[in-house]
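**Student:** So you can see what is in the structure, the chains are spelled out below.
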Amino acid sequence: MMHRIFAALLAGSTATTPLLAQSHDQHQNHSAMDHSQMDHSRMDDQPDQPAAEAPEAESPSGPLKAADAIWGAEEMLASREALYDEHGDMMLFWFQGDRAEYRVRAGEDGYLWDVQGYYGGDINKFWFKSEGEGSFGEPIEDAEIQALYSRAIAPFFDLQAGVRQDLTGPTRTHAVVGIQGLVPYMFEVDAAAFLSDKGDLTARIEAEYDQRLTQSLVLQPRAEINLAAQDIPELGVGAGIDNLELGLRLRYEIVPEFAPYIGIEQEWKLGDSRDFARTAGEDPSVTNYVVGVRFWF
Amino acid sequence: MYMIKSNLAISRRNMIGSLAALAGTTALPMPAWAMGKMGGRVRNGMDQLSGPDVDLHVGSGLFRTGSRSGHAIAVNGTVPGPLIRLREGQDVRLNVHNMLDEDSSVHWHGLLLPFQFDGVPGISFPGIKPGERFTAPFKVRQHGTYWWHSHSGLQEQMGHYGPLIIDPAGPDPVQYDREHVILLSEFAAMHPHEIMKKLKVSEGYFSRQKASATDDYDFSGAERRMWGRMRMMPTDIADVSAPTYTYMINGHGPDDGLELPFSPGERVRLRIINGSAMTFFNIRLPGLPMTVVQADGQDVQPVEVDELQIGVAETYDVIVQPTKEGAFALAAESMDRSGMAQATLTSQPGRQAEFPALRDPPLLSMTDMGHGGMDHGNGAHGHEGHGAKPAAAMDHSQMDHGKMGHGKMDHSQMDHSKMSHGAMKPDTNLGAAPMDNHDMANMGGMKMRDTSLLPDSVKVGPGIDMVAMNPMDRTGFPGLGLDNVPHRVLNYRMLKSLKMDHHKRSPDREMQLHLTGNMERYMWSFDGKKMSAVGDDPIRFRYDERVRVKLVNDTMMAHPIHLHGMFFEVVNGQGHHQPKKHTVIVQPGSSATFDVTTDEPGDWAFHCHLLYHMHAGMMQAVSIEFPKDA
Ligand SMILES: [Cu+2]
Chain A
1 MMHRIFAALL AGSTATTPLL AQSHDQHQNH SAMDHSQMDH SRMDDQPDQP
51 AAEAPEAESP SGPLKAADAI WGAEEMLASR EALYDEHGDM MLFWFQGDRA
101 EYRVRAGEDG YLWDVQGYYG GDINKFWFKS EGEGSFGEPI EDAEIQALYS
151 RAIAPFFDLQ AGVRQDLTGP TRTHAVVGIQ GLVPYMFEVD AAAFLSDKGD
201 LTARIEAEYD QRLTQSLVLQ PRAEINLAAQ DIPELGVGAG IDNLELGLRL
251 RYEIVPEFAP YIGIEQEWKL GDSRDFARTA GEDPSVTNYV VGVRFWF
Chain B
1 MYMIKSNLAI SRRNMIGSLA ALAGTTALPM PAWAMGKMGG RVRNGMDQLS
51 GPDVDLHVGS GLFRTGSRSG HAIAVNGTVP GPLIRLREGQ DVRLNVHNML
101 DEDSSVHWHG LLLPFQFDGV PGISFPGIKP GERFTAPFKV RQHGTYWWHS
151 HSGLQEQMGH YGPLIIDPAG PDPVQYDREH VILLSEFAAM HPHEIMKKLK
201 VSEGYFSRQK ASATDDYDFS GAERRMWGRM RMMPTDIADV SAPTYTYMIN
251 GHGPDDGLEL PFSPGERVRL RIINGSAMTF FNIRLPGLPM TVVQADGQDV
301 QPVEVDELQI GVAETYDVIV QPTKEGAFAL AAESMDRSGM AQATLTSQPG
351 RQAEFPALRD PPLLSMTDMG HGGMDHGNGA HGHEGHGAKP AAAMDHSQMD
401 HGKMGHGKMD HSQMDHSKMS HGAMKPDTNL GAAPMDNHDM ANMGGMKMRD
451 TSLLPDSVKV GPGIDMVAMN PMDRTGFPGL GLDNVPHRVL NYRMLKSLKM
501 DHHKRSPDRE MQLHLTGNME RYMWSFDGKK MSAVGDDPIR FRYDERVRVK
551 LVNDTMMAHP IHLHGMFFEV VNGQGHHQPK KHTVIVQPGS SATFDVTTDE
601 PGDWAFHCHL LYHMHAGMMQ AVSIEFPKDA
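Those sequence lines, one after another, are chains A and B. Quick note, the first sequence lines up with residues 1 to 297 if you use our numbering. Quick note, the second sequence lines up with residues 1 to 630 if you use our numbering.
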């Protein structure tokens with residue numbers, strides 16, 4: 001029935017007939033690939049399968065783009081591209097303020113931001129990060145921005161590489177290589193190594209965990225550790241463990257995209273960094289009481 | 001609550017009259033929606049169209065149900081769009097007028113017709129440009145309950161769908177006095193592109209049923225840690241649910257109080273269509289057993305059940321026969337039990353039924369991860385009275401079985417060869433496997449993603465977060481959360497085609513296709529390859545091949561897999577009575593097998609009917625060669 005209709009349609013549009021012929025030619029070229037796709041030799045793994053495999057000479061030979069023969073290849077082109085774009089190749093933009101907070105502490109109160117975002121598809125993304133902190137009434141203490149190429153390398157991990165630019169102090173540029181993702185037990189981890197244009201090698205590992213208390217109340221423990229391969233006196237960084245931060249934040253998700261929080265964070269400078277801090281008249285151990293907001297869009 | 005009378009209550013007696021009335025409308029002046037953009041209010045519910053020429057005008061407007069309103073795509077001014085009623089054997093021209101300012105399309109879901117009219121932009125036709133008309137002329141060669149919907153972008157989520165019913169040329173094998181079309185769907189005020197983005201960037205965004213420190217889910221700390229170790233959520237039942245969706249019957253949310261009339265003693269045929277974008281529904285009419293008589297438009301041997309789960313894009317026709325006056329609740333609970341679509345089957349106008357409360361949400365089990373040594377929830381057992389255990393007990397037993405499968409997997413159970421000899425009962429082994437008492441903590445040691453189990457055809461990458469270790473055939477499973485209810489529930493193994501088919505050939509060849517995904521990244525695909533990666537490399541069939549296709553679900557979600565253009569037979573152990581379907585649910589971590597005769601040439605879409613899964617890439621083109629003599 002239906003092939004009769006089709007035959008009639010074909011006969012009625014002689015101009016399109018060569019197109020059909022052409023598409024058949026094309027498929028000949030693809031036949032090797034088709035075979036590997038269709039002929040699942042793995043079926044052998046299962047004994048007692050009654051069906052025989054198709055002999056190679058008769059490998060399946062459906063038409064390639066049968067619609068081209070009816071509607072015209074030109075006509076089909078745009079819709080086909082849209083189909084592929086929409087069904088798998090979608091690009092997304094995401095921006096997250098993971099921490100944007102006011103910090104109450106001994107001495108001058110301070111502030112901190114920690115934002116990131118991306119633009120891209122499932123596998124390849126342009127990723128950016130920025131964080132910084134300071135005390136009110138003083139110049140910004142630390143600020144940096146990173147521009148990274150991020151590639152999904154495993155179900156839960158992205159490999160990231162790019163540059164980091166420090167915006168304060170003796171400004172430096174770093175090459176960055178890192179891993180970001182979700183480790184077992186649902187810890188979000190971001191670990192990166194930085195090699196500066198002065199040859200200094202440092203690293204940073206951050207981990208956070210969301211413990212849902214109710215559908216909208218989330219307790220988030222967070223840890224960050226900074227490491228250095230060498231002393232960097234002008235930055236007050238000592239070799240080994242430079243500093244350690246442990247935080248606990250309780251946020252309320254008014255909507256998942258917008259969640260104010262309160263929390264506490266303890267910072268320690270360790271080893272040589274502690275000595276650098278003391279020399280500079282700073283307290284190597286600081287407790288921050290924080291209030292902030294986590295948001296994304 | 002106010003009352004709305006179903007405008008589709010058609011008794012057989014006045015059918016002729018209503019057809020005549022419809023014929024009359026063609027002489028009336030053109031309605032507003034036929035003349036240009038609408039922009040106005042969209043009407044809830046649908047009209048009916050029949051005859052040799054059917055005209056659908058796709059426009060847009062503001063839709064409201066209950067307290068929720070928003071932008072919608074309406075066809076002929078209503079959501080759902082009109083019921084198209086045809087007769088087997090007639091010639092019809094289906095005309096689609098696109099009055100949107102973007103491309104549109106209509107796919108006639110379940111209809112046998114030349115591929116170029118199937119309505120999938122980029123596969124079977126170029127799509128319908130704004131202001132253009134598309135005509136599909138063909139002869140109707142089947143009967144049954146079907147539906148239609150847009151295949152462009154995410155328009156279906158916005159209201160671009162409607163029912164399609166074909167009356168048989170001869171006498172209907174189903175006796176009934178009255179019928180109601182029950183078109184299930186959802187409405188979201190949020191734009192579908194927004195929904196898609198949130199799914200992509202925020203795992204579990206739409207769920208308000210997540211496990212938490214204060215939940216009352218009955219599973220232990222060890223189990224919770226195990227799920228955490230796997231980086232998965234046992235509450236991942238539905239991607240989008242009630243906080244965002246209003247579940248509807250015929251365009252009416254629960255607040256609308258939709259009423260469907262009946263007279264006591266009548267055999268009432270409910271043509272249930274799941275036209276939703278993302279929602280599996282559990283259908284019940286407490287106090288009224290349902291006799292299933294049709295599945296996906298194909299007549300089946302009557303089977304009486306008390307509840308059934310309907311996957312996205314499936315249809316079931318059931319007969320109910322309320323013998324006395326009263327009001328019965330038609331409760332369509334979403335599979336994750338976050339909400340319900342409601343209508344009242346009532347003998348007295350204005351009398352509303354009492355609706356059952358939402359039941360506790362189900363949780364995923366080890367079986368849903370493909371670690372099941374056995375298919376526990378099989379309705380065949382369940383409705384014989386073995387299955388009525390409390391939910392918690394059941395979940396534990398499933399977990400134990402999963403672990404047991406680790407060391408002592410009974411390979412005889414994996415042997416699906418019995419499936420090929422249709423007469424055999426796939427049920428027989430179930431429950432026979434030994435159990436042991438390893439504690440829960442051991443289970444997390446099982447490999448969630450052993451990619452060596454995958455055939456070479458599967459592209460392994462970040463898009464696959466799980467591989468079913470022991471994907472059992474679960475066609476006997478009634479659906480998530482229904483494996484332990486204390487009443488009869490439908491499952492696929494209970495479906496037998498009405499007519500015997502002796503002409504069935506055994507398969508010429510077999511192929512296996514893996515359903516793959518990554519919940520965290522919201523990536524979905526077949527064989528690890530998204531539509532965008534395989535578009536120019538369709539799955540190929542020769543003309544009139546007989547192919548056995550085994551779908552292996554390497555994810556924890558149930559996927560309703562739909563093949564355009566033809567019917568396949570679900571290999572369910574019913575031999576010459578295997579049911580024909582256009583959509584098959586492949587349960588989590590399991591397999592389902594179908595046989596198809598590839599006698600509908602052309603290029604056809606093949607995809608998961610969860611709209612956002614398809615949109616993320618869980619789609620393929622199937623290409624069937626033209627016969628040599630064409
Ligand atoms: Cu799916």
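By construction, these hints were calculated from the structure, which means they are not laboratory data. As the structure is a prediction and not an experimental result, all values here were calculated from the model. C-beta: ideal position from N, C-alpha, C; glycine also. Do not take every clue at face value.
Beta-carbon label-pair distances, calculated as ranges [unchecked claim]:
1) B:Glu194 with A:Leu217: 34 to 44 Å
2) B:Glu194 with A:Phe187: 48 to 58 Å
3) A:Pro184 with B:Ala357: 31 to 41 Å
4) B:Asp501 with A:Leu92: 39 to 49 Å
5) B:Ala222 with A:Ala207: 20 to 30 Å
**Student:** Please go over all the hints and tell whether each is borne out by the structure.
**Tutor:** Hints versus structure:
Look at glutamate 194 of chain B against leucine 217 of chain A: about 25 Å separates their beta carbons, and that is not inside 34 to 44 Å. In this structure, glutamate 194 of chain B and phenylalanine 187 of chain A break the distance hint of 48 to 58 Å, their C-beta atoms being roughly 29 Å apart. At about 37 Å, the beta-carbon gap between proline 184 of chain A and alanine 357 of chain B stays in the expected band of 31 to 41 Å. Roughly 48 Å separates the CB atoms of aspartate 501 of chain B and leucine 92 of chain A, a value that falls within the hinted 39 to 49 Å.
For alanine 222 of chain B and alanine 207 of chain A, the hinted distance range of 20 to 30 Å is satisfied, since their beta carbons lie about 23 Å from each other.
Violated hints for the displayed structure, listed by number in ascending order: 1, 2.
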